[in-house]
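Peer 1: Sequence:
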Amino acid sequence: MTTESQPLRSLENRSDSIRWDPDSPLSMTVNTRQGDIVTRLGRFVGGRSDGVEIVEIDTGAAIVRVLPSRGMGIWEIEVGGTRFGWRSPVEGPVHPQHVPVFDPSGLGWLEGFDELVARCGLESNGAPQHDDAGHLVYPLHGRIANLPADSLSIEFDEASGRLDLIGEMLESRLFFKRLRLRSRIRMHAGSTRVDLLDDVTNELDKAATAQMLYHINVGPPVLGEGATLDAPTVELAGKDDLSAGEIDQWNQFGPPTAGYGERVYFSQLQADDNGHTTAMLCSADRDKALAVDFATKTLPYFVTWKNTSSENDGYVTGLEPATNLPNTREFETGQGRVVTLEPGECVSFRLALIPMTDAAKIEKVSDAIERLREGVDTTVHREPKPGWSA
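According to our numbering, the sequence shown holds residues 1437 to 1826 in order.
Bear in mind the hints are in silico, worked out from the structure with no lab data behind them.
Please read these numbers as outputs of a predicted model, since none were measured by experiment.
The reader is advised that the hints may include incorrect statements.
[What the hints assert, rightly or not] Have a look at the derived ranges for each label pair, beta carbon to beta carbon: (1) Val1812 x Asp1723: 24 to 34 Å; (2) Ser1746 x Leu1543: 18 to 28 Å; (3) Ala1795 x Asp1567: 26 to 36 Å; (4) Phe1538 x Asp1586: 27 to 37 Å; (5) Gln1533 x Asp1803: 25 to 35 Å; (6) Gly1823 x Ser1541: 25 to 35 Å; (7) Gly1823 x Cys1782: 42 to 52 Å; (8) Gln1688 x Ala1795: 38 to 48 Å; (9) Pro1536 x Asp1803: 41 to 51 Å; (10) Gly1517 x Ser1746: 41 to 51 Å; (11) Asp1803 x Pro1461: 39 to 49 Å; (12) Asn1467 x Leu1633: 17 to 27 Å.
[What the hints assert, rightly or not] Straight-line distance between alpha carbons at most 35 Å, and here's what the computed DSBU-like set of lysine-lysine pairs gives: (13) Lys1800 x Lys1733; (14) Lys1733 x Lys1821; (15) Lys1797 x Lys1733; (16) Lys1800 x Lys1821; (17) Lys1733 x Lys1613; (18) Lys1733 x Lys1642; (19) Lys1821 x Lys1613; (20) Lys1642 x Lys1613.
Even glycine gets a Cβ: it sits at the ideal position worked out from N, Cα and C.
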């Protein structure tokens, strides 16, 4: 007698557990002069993903999958059959109710870490901080990635081919804070570019401080042996002695290596006349790449996270524009690297993801980065830089 199995859902393909809602106001086809954009809203069913909202946006050139339940994070982008994202051992997306952000260790955030783009903030965005009694004060990378969008809408312009997915998250605690993040994720018909236009407002009647870091995480097939990170670096330092010991290879990537300890590099990049800069992770054969363009006025730092451990342990690298360096909030406050917001004041963050599978486009971006680099003297610190590393 043959034994048969009828799976309801599987870890092998999380997309199979999405139930799409064709009747949702967010499920539509937008006809523009540049082509159609198709959107749909769905929810994951079962397991730790149960109830997670997902919005899929197909521009005709790219499919972008956004997770409103997880702080408007971008789960993945697909271009011409190439997936831009990574295979986290967490196997998400994980519903925030299953992520113990305030675990006493301060590391509970890692139990939900799965996205291509995860925001870190808003009150804090770096290492966990404990008080003198050992009690957790600020958890790793803050709360915003595990706060669901309270409002969600789509705006579009048929003439320009633009479509915006808009969500708002509120990070608040009575007597202490009320920070609102209004996120606008913008795409255009026929384009692979994804713009993130984020505004953070202090809604209390007293001053507040904030931090933001964009944890942009890339694995295979872009990341692999021989992959490189191209960036117009002005100043560079390793976070710790281990990282500093490989400073000459900071932007070069090896194959998956079991037991590889993470290396982290802090930097500032040269911007153009408009205050924008670009960093690009490129595959060894230079036919796949992800470029990150961002405004340095409010995101003056760039962090590179090299975690080229085995694929089962999470083979990935992080490209991370930030307001500050991801040390404890106390240390960063002491160094003057927090954003101060007066009552009602707003700070804007602007960045774009540009996934590419065309060698000619990749070389065009590479040439633009080289032009930014012209005439710039790079300062490389052979040891962790005081004031940058705690």
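Peer 1: Now tell me if each hint is right for this structure.
Peer 2: Structure-based check of each hint:
1. Val1812 x Asp1723: 24 to 34 Å: Since the Cβ atoms of Val1812 and Asp1723 sit about 28 Å apart, the hinted range of 24 to 34 Å holds.
2. Ser1746 x Leu1543: 18 to 28 Å: Cβ of Ser1746 to Cβ of Leu1543: about 20 Å, so the range 18 to 28 Å holds.
3. Ala1795 x Asp1567: 26 to 36 Å: At 53 Å between Cβs, range violated.
4. Phe1538 x Asp1586: 27 to 37 Å: violated, 21 Å
5. Gln1533 x Asp1803: 25 to 35 Å: violated, 47 Å
6. Gly1823 x Ser1541: 25 to 35 Å: holds, 27 Å
7. Gly1823 x Cys1782: 42 to 52 Å: violated, 28 Å
8. Gln1688 x Ala1795: 38 to 48 Å: Violated, at about 20 Å.
9. Pro1536 x Asp1803: 41 to 51 Å: At 46 Å between Cβs, range holds.
10. Gly1517 x Ser1746: 41 to 51 Å: With Cβ atoms ~25 Å apart, the hint is violated.
11. Asp1803 x Pro1461: 39 to 49 Å: Between Asp1803 and Pro1461, where Cβ atoms are some 43 Å apart, the hint holds.
12. Asn1467 x Leu1633: 17 to 27 Å: holds, 24 Å
13. Lys1800 x Lys1733: holds, 24 Å
14. Lys1733 x Lys1821: Holds. Lys1733 to Lys1821 sits at ~22 Å (cutoff 35 Å).
15. Lys1797 x Lys1733: Cα-Cα ~27 Å, so holds.
16. Lys1800 x Lys1821: holds, 33 Å
17. Lys1733 x Lys1613: Within the cut-off at roughly 24 Å; holds.
18. Lys1733 x Lys1642: Roughly 24 Å separates the two Cα atoms, so the pair holds.
19. Lys1821 x Lys1613: Within the cut-off at roughly 32 Å; holds.
20. Lys1642 x Lys1613: holds, 9 Å
Checked against the numbered hints listed earlier, the structure breaks hints 3, 4, 5, 7, 8, 10; every other hint is satisfied.
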